[in-house]
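2 protein chains.
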Amino acid sequence: MLPVTEPAGRRVRTAALELFAERGFHGTGIRDLAQRAGVSTATLYHYMGTKEDLLAEIMRDSMRLLLRAASPTGTGGTPTERIARLTRIHVLAHAARPLHTRVADDELRALSPGSRAEITALRDEYERFWQSAIDDGVSTGEFRVQAPGVARLALLEMCSGVARWYRPDGPLTAGELAARYVEMALGLLTVDGIRLEPDPGAVGDMDRLVAELWPPS
Amino acid sequence: MLPVTEPAGRRVRTAALELFAERGFHGTGIRDLAQRAGVSTATLYHYMGTKEDLLAEIMRDSMRLLLRAASPTGTGGTPTERIARLTRIHVLAHAARPLHTRVADDELRALSPGSRAEITALRDEYERFWQSAIDDGVSTGEFRVQAPGVARLALLEMCSGVARWYRPDGPLTAGELAARYVEMALGLLTVDGIRLEPDPGAVGDMDRLVAELWPPS
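Line order of the protein sequences matches chains A and B. In terms of the working numbering, the first sequence opens at residue -1 and continues consecutively. In terms of the working numbering, the second sequence opens at residue -1 and continues consecutively.
Hints are not guaranteed to be accurate.
Claimed, not checked - Footprint (simulated), chain A over chain B, 3 or more residues, beta carbon under 8 Å:
#1 11 to 23
#2 38 to 48
#3 83 to 96
#4 102 to 113
#5 119 to 132
Stated by the list, open to error - If you want the footprint, here are the derived chain A segments under chain B, 3+ residues with CB under 8 Å:
#6 63 to 69
#7 102 to 116
These are computed hints drawn from the structure, not numbers from a lab. The beta carbon of each residue, even a glycine, is placed where N, CA and C say it ideally should be.
From just these sequences and the hints, can you work out the full model?
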């Protein structure tokens, strides 16, 4: 149970965040929420509207904060500088608030179509900062990635993953972690594309192995 | 409802896979499972044991297949070749069986401690192929990544993300997609670490912005 010194509305939101992150949206019952927040179910309904409203609020806040951080950092400067700044911000945000960002990243499927469209629009707006920095870098020749849209998705998945495993009491501070991600992100984007000339025979062997182990269903 | 021409046990497993991927383990009820599989709940219990048994089976199969693919491909050759092969296999597997791999990646928290320990051990065994290839590459100087453990996590998150968005009817075949990921993975690992000398003032500004937007809770 959360400390009762906090206002009930805040306790409800914190309880929702913790439980959605631990058990998922669908795994969290109304009783669990009321119990964790230390309120009656009647009070709970007063503060939360529906359970989905709570989820949508967590996601909306999470995306809006990322957007507020991205708008000054994702514009201006060279594409390399913009990607470095976006990566630093994204990693620091995911290290600082892993529950918020994990819920926002994982539970989109749990939203009804209306809320999903709203959150998806915010996410698309945020991702455009990344995509335009990547595309501009390809234009200037700073980046040599062959599929810029795939690179955006790869970078975002890689950086968001921090929310799943980073612990502030581990060997790296969040700032050091962010610095390592900036290096990796820039390395990923500046691949020369001819670093490896794979033996076509070996590729064929691998693809046959994959087709055998994971047959098309 | 799944076609009744398939044996009931197989229908139950397919229904579980689809529903766990769509709604999450906790979001899937026994009735949903029986309905999708086209069996009675009594038949369902006969085939599935508990709902968690079904989940553990999906995860166990998924990890064992990755391990079977990694053992011939993750050993032998240079570290660059090993990472290229592991990346190709991982991406192809996630593109070919997105539901299996997504459930395996996302639902670990839903398992009871005993099953979780078993699946975690398989996952650790699989990740050791990646880590040893990265560490060997750092030793030989092929890779210049500063935090090899972080690089492993970043690579795996990036490659597993394919299961969330890749569609075979999109612009890239799975083989082309895998080729792009191999390039990005090798770029990420061969970053020279001095590509960007960030302005300490700018880093300070960003960190202050992050601390303001995402205050320590």
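Consistency of the hints with the structure:
{"no.": "1", "hint": "11 to 23", "result": "holds (count 4)"}
{"no.": "2", "hint": "38 to 48", "result": "violated (count 0)"}
{"no.": "3", "hint": "83 to 96", "result": "holds (count 7)"}
{"no.": "4", "hint": "102 to 113", "result": "holds (count 3)"}
{"no.": "5", "hint": "119 to 132", "result": "violated (count 0)"}
{"no.": "6", "hint": "63 to 69", "result": "holds (count 3)"}
{"no.": "7", "hint": "102 to 116", "result": "holds (count 3)"}
The earlier numbered hints that this structure contradicts are 2 and 5.
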